[in-house]
Amino acid sequence: MKITRITNGRIIDPANNRDEVADLWIADGKISAPQPGCETETWDARGLVVSPGLIDIHVHLREPGQSHKETIATGTRAAAAGGFTSIVAMPNTNPSADSAATITWIKEKAAREACVNVFCTGAITKGLRGEELAPFGSLFNAGVVALTDDGHCVQNHEIMRRAVEYARMFGLTVMDHCQDYSLVGDGIMHEGEWSLRLGIPGWPRAGEEMIVARNIMLAELCDSPIHCQHISSGGSVRLLREARARGVKISGEVCPHHIALTDASLAAFDSNFKMNPPLRMEDDIEAIIEGIADGTLTILCSDHAPHAFYEKEVEIDHAPFGITGLENEFSTFCDILVHKRGAISLARLIALYTAEPARLLNLDRGTLSVGAPADITIIDPDLEWTFDKNKSVSLSHNTPFHGHTWKGRAVRTIVAGETVWAL
Amino acid sequence: MKTWNRKDLTGLDELSSGEIEFLLETARAFKGVGERSLKKVPALRGKTLVNFFVEPSTRTRTSFEVAAMRLSADVVNISATASSLQKGETLKDTALNLQALQADVIVLRHSSPGSAKFLSERLDSSIINAGDGAHEHPTQGLLDIFTMREKFGRIEGLNVLIVGDILFSRVARSNIFGLVKLGAKVTLVGPSTLVPRSFEKLGVRVVHRIDEVLGDADVVNLLRIQHERQRKEYFPGLGEYTSLFGLTKARAARLKPGCLVMHPGPINRGVEIDSDVADGSQSVILEQVTNGIAVRMAVLYLCAGGAGIPA
Numbered sequence: 007m008k009i010t011r012i013t014n015g016r017i018i019d020p021a022n023n024r025d026e027v028a029d030l031w032i033a034d035g036k037i038s039a040p041q042p043g044c045e046t047e048t049w050d051a052r053g054l055v056v057s058p059g060l061i062d063i064h065v066h067l068r069e070p071g072q073s074h075k076e077t078i079a080t081g082t083r084a085a086a087a088g089g090f091t092s093i094v095a096m097p098n099t100n101p102s103a104d105s106a107a108t109i110t111w112i113k114e115k116a117a118r119e120a121c122v123n124v125f126c127t128g129a130i131t132k133g134l135r136g137e138e139l140a141p142f143g144s145l146f147n148a149g150v151v152a153l154t155d156d157g158h159c160v161q162n163h164e165i166m167r168r169a170v171e172y173a174r175m176f177g178l179t180v181m182d183h184c185q186d187y188s189l190v191g192d193g194i195m196h197e198g199e200w201s202l203r204l205g206i207p208g209w210p211r212a213g214e215e216m217i218v219a220r221n222i223m224l225a226e227l228c229d230s231p232i233h234c235q236h237i238s239s240g241g242s243v244r245l246l247r248e249a250r251a252r253g254v255k256i257s258g259e260v261c262p263h264h265i266a267l268t269d270a271s272l273a274a275f276d277s278n279f280k281m282n283p284p285l286r287m288e289d290d291i292e293a294i295i296e297g298i299a300d301g302t303l304t305i306l307c308s309d310h311a312p313h314a315f316y317e318k319e320v321e322i323d324h325a326p327f328g329i330t331g332l333e334n335e336f337s338t339f340c341d342i343l344v345h346k347r348g349a350i351s352l353a354r355l356i357a358l359y360t361a362e363p364a365r366l367l368n369l370d371r372g373t374l375s376v377g378a379p380a381d382i383t384i385i386d387p388d389l390e391w392t393f394d395k396n397k398s399v400s401l402s403h404n405t406p407f408h409g410h411t412w413k414g415r416a417v418r419t420i421v422a423g424e425t426v427w428a429l
Numbered sequence: 000m001k002t003w004n005r006k007d008l009t010g011l012d013e014l015s016s017g018e019i020e021f022l023l024e025t026a027r028a029f030k031g032v033g034e035r036s037l038k039k040v041p042a043l044r045g046k047t048l049v050n051f052f053v054e055p056s057t058r059t060r061t062s063f064e065v066a067a068m069r070l071s072a073d074v075v076n077i078s079a080t081a082s083s084l085q086k087g088e089t090l091k092d093t094a095l096n097l098q099a100l101q102a103d104v105i106v107l108r109h110s111s112p113g114s115a116k117f118l119s120e121r122l123d124s125s126i127i128n129a130g131d132g133a134h135e136h137p138t139q140g141l142l143d144i145f146t147m148r149e150k151f152g153r154i155e156g157l158n159v160l161i162v163g164d165i166l167f168s169r170v171a172r173s174n175i176f177g178l179v180k181l182g183a184k185v186t187l188v189g190p191s192t193l194v195p196r197s198f199e200k201l202g203v204r205v206v207h208r209i210d211e212v213l214g215d216a217d218v219v220n221l222l223r224i225q226h227e228r229q230r231k232e233y234f235p236g237l238g239e240y241t242s243l244f245g246l247t248k249a250r251a252a253r254l255k256p257g258c259l260v261m262h263p264g265p266i267n268r269g270v271e272i273d274s275d276v277a278d279g280s281q282s283v284i285l286e287q288v289t290n291g292i293a294v295r296m297a298v299l300y301l302c303a304g305g306a307g308i309p310a
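Residue numbers (the numbering used here), protein chains in the order written: chain A, 7 to 429; chain H, 0 to 310.
Worth flagging that the hints you see were computed from the coordinates, not collected in a lab. Some hints here could point you the wrong way.
[Claimed, not checked] Label-pair distances were calculated between CB atoms; the ranges are:
no.: 1; chain 1: A; residue 1: Glu137; chain 2: H; residue 2: Ser83; range: 54 to 62 Å
no.: 2; chain 1: H; residue 1: Glu232; chain 2: A; residue 2: Asn147; range: 55 to 63 Å
no.: 3; chain 1: A; residue 1: Gly133; chain 2: H; residue 2: Arg253; range: 57 to 65 Å
no.: 4; chain 1: H; residue 1: Ala99; chain 2: A; residue 2: Ala428; range: 54 to 62 Å
no.: 5; chain 1: A; residue 1: Glu248; chain 2: H; residue 2: Glu232; range: 27 to 35 Å
no.: 6; chain 1: H; residue 1: Ser71; chain 2: A; residue 2: Pro101; range: 57 to 65 Å
no.: 7; chain 1: H; residue 1: Arg153; chain 2: A; residue 2: Val399; range: 54 to 62 Å
no.: 8; chain 1: A; residue 1: Lys346; chain 2: H; residue 2: Glu155; range: 52 to 60 Å
no.: 9; chain 1: A; residue 1: Glu248; chain 2: H; residue 2: Lys231; range: 32 to 40 Å
no.: 10; chain 1: H; residue 1: Ser83; chain 2: A; residue 2: Asn396; range: 39 to 47 Å
no.: 11; chain 1: A; residue 1: Tyr316; chain 2: H; residue 2: Ser71; range: 46 to 54 Å
no.: 12; chain 1: A; residue 1: Glu292; chain 2: H; residue 2: Leu243; range: 50 to 58 Å
no.: 13; chain 1: A; residue 1: Asn396; chain 2: H; residue 2: Lys150; range: 54 to 62 Å
no.: 14; chain 1: A; residue 1: Leu429; chain 2: H; residue 2: Glu199; range: 26 to 34 Å
Using N, Cα and C, we set each Cβ at its ideal position, and we do this for glycine too.
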């Protein structure tokens, strides 16, 4: 039996409130109690951080149906290269993941081709159309870990209410892409000085806040959790803070671009800065960072949304929304939140990527407890590097971060005891 | 002295005041060409210009065509329906084909903001923006400014009102960018839905009562107001618009004697402007059209590599 001993690393395991320099043992693909003298291999992690495998709960793997953008094989390699051992796939594929058959197809393909754990979400509504509930029961039996219409937003409050109530029976969290269609219209970028200057249709903050407020009310009404995806507006943070203080089962997540970039980046009409929800202003960045620091926002993720070069290489209003993110998100957040801003500790950053998402979606991951799957990310929190999109292993390179330099990076990704990527 | 080193004109926002002045000076020199009996100079002989109009336009396209012919360039017109965009070809691919056909200058009219800039960064051909969505219409902005400067001899200090649907207007934006750079005092007037207060960040004043500002204006530039399906939620109707913002005869009577009445056309008589006012002595609407030729000659000449102001 292979027994691996990782020596001298700083083990940060937020699920167990553990932060100490110690050895970590892996046996048979699981975290093991120390077995001195029995190790078959030893890695020295001196100066490095040994973290539970990072989890990204918001990833578009694009299969089935859009394999020219990304595949389960390439998307999971990009995840591994970013330090992720588990990712949660969004359902806006073709066909959309609104049936057990599609979930089973994804899981079988992932079993053959994925190099990290792939968890599936199911659609809230059939075809993501917002009209009729998808079959939550059979989706649950097929193994989905959450429900979302991501990319779309259920506009009808009654349907959303019943979705949340019905999901409760299975213990499934409903995740929502918060966008009020009538307010946002054909909006492309944050509505503000820059949208006025550039003549680009605006996407007002209220278009997100309206639905965040709706979700708070429905989570309260149904006494069941709703998770608000990719929060971009400072107003949403304030709504979430107030609701969470009252004990409402509401949560929110943040993507790296929403704290790294502003709407001014659209000045060159580069579609690699076009995503949904859009980049906003410095005020929003401040509010989001404050929300991360005070525990209002508990999840970090990428909204990794690969698109082929030729799809993005068009007029700004014709280009699809979305950017890649798996390979840079940890570094972007580490650099901004831990190093530059000192908003949170490294241990909290790791918690936002491990214990918190595992708790939200009831995943048996995100911990280094003895007996847990040996999903481990080795991190060099002080390593400086520059992102080169041409070295990206994602099938698509639609990133606004080409040439950006950050401090902090995953250097080895271990899934079930096996190294799937190393720098 | 040559102060122009751009191959493209995508907007006035990115130009310096010096560059705008230089364009206007060049246009002034070209205006004389149209006043001769032989309205032609050989400045762009042998150059090929493609008018690539993905959105319909008659006035602007014709103006560019006349301007190019007066410079002795060869002109080809392509409309959206005649282009391969209808067959699913991308804008970039269509434009690359035009470049491969050795177009020296492509004049683009397109519904997407930033489309001219997008092509300018990907092609060696000169790209002239003839209107990109609600973003800019730089030659219209220039010809409006040219007309004002011709009448007043200066732009600095002029009180310019721009009235109407500012939010969706590329003409308004190019006017704002150019006029503010040259030191005019710009006031935007219109319904609060179409003239949001955040426009003040562009260095202009926002007013919703036209009668408060009309009397001080040196120029009133009226924009075409539309009330088609996609604008319905912005204001209740054309009748109410006319009563609140239209340049009626009664309002026109309160204008300063020297105040210019401008309109980029096409005008809606009886809506944003009274028919008699449009034809009145203060109206320079048709002079704008004539000046458009000179301005476009200057733009084509400079972007296609002409040096200095021709004698």
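Hint by hint, here is what the structure shows:
1. The hinted range of 54 to 62 Å is not satisfied by A/Glu137 and H/Ser83, whose Cβ atoms lie roughly 37 Å apart.
2. Distance hint check: the CB atoms of H/Glu232 and A/Asn147 are about 45 Å apart, inconsistent with the given range 55 to 63 Å.
3. Range check, A/Gly133 to H/Arg253: Cβ separation about 59 Å, and the 57 to 65 Å hint holds.
4. At roughly 46 Å, the beta-carbon separation of H/Ala99 and A/Ala428 lies outside the given 54 to 62 Å, and the hint is violated.
5. In this structure the hint that A/Glu248 and H/Glu232 lie 27 to 35 Å apart at CB holds, the actual value being about 31 Å.
6. Judged by the Cβ atoms, the range 57 to 65 Å given for H/Ser71 and A/Pro101 holds: they are separated by roughly 59 Å.
7. The beta-carbon spacing between H/Arg153 and A/Val399, approximately 60 Å, falls within the hinted interval of 54 to 62 Å.
8. Range check, A/Lys346 to H/Glu155: Cβ separation about 44 Å, and the 52 to 60 Å hint is violated.
9. Our hint of 32 to 40 Å for A/Glu248 and H/Lys231 holds, since their Cβ atoms are close to 36 Å apart.
10. Hint check: H/Ser83 to A/Asn396, Cβ distance near 31 Å, so the stated range 39 to 47 Å is violated.
11. The beta-carbon spacing between A/Tyr316 and H/Ser71, approximately 38 Å, falls outside the hinted interval of 46 to 54 Å.
12. Against the hinted window of 50 to 58 Å, the Cβ-Cβ separation of A/Glu292 and H/Leu243 comes to about 39 Å, which falls outside the hint.
13. For the hinted restraint 54 to 62 Å between A/Asn396 and H/Lys150, the CB-CB distance of approximately 55 Å keeps it satisfied.
14. Look at A/Leu429 against H/Glu199: about 50 Å separates their beta carbons, and that is not inside 26 to 34 Å.
Against the hints set out earlier in the document, violations occur for numbers 1, 2, 4, 8, 10, 11, 12, 14.
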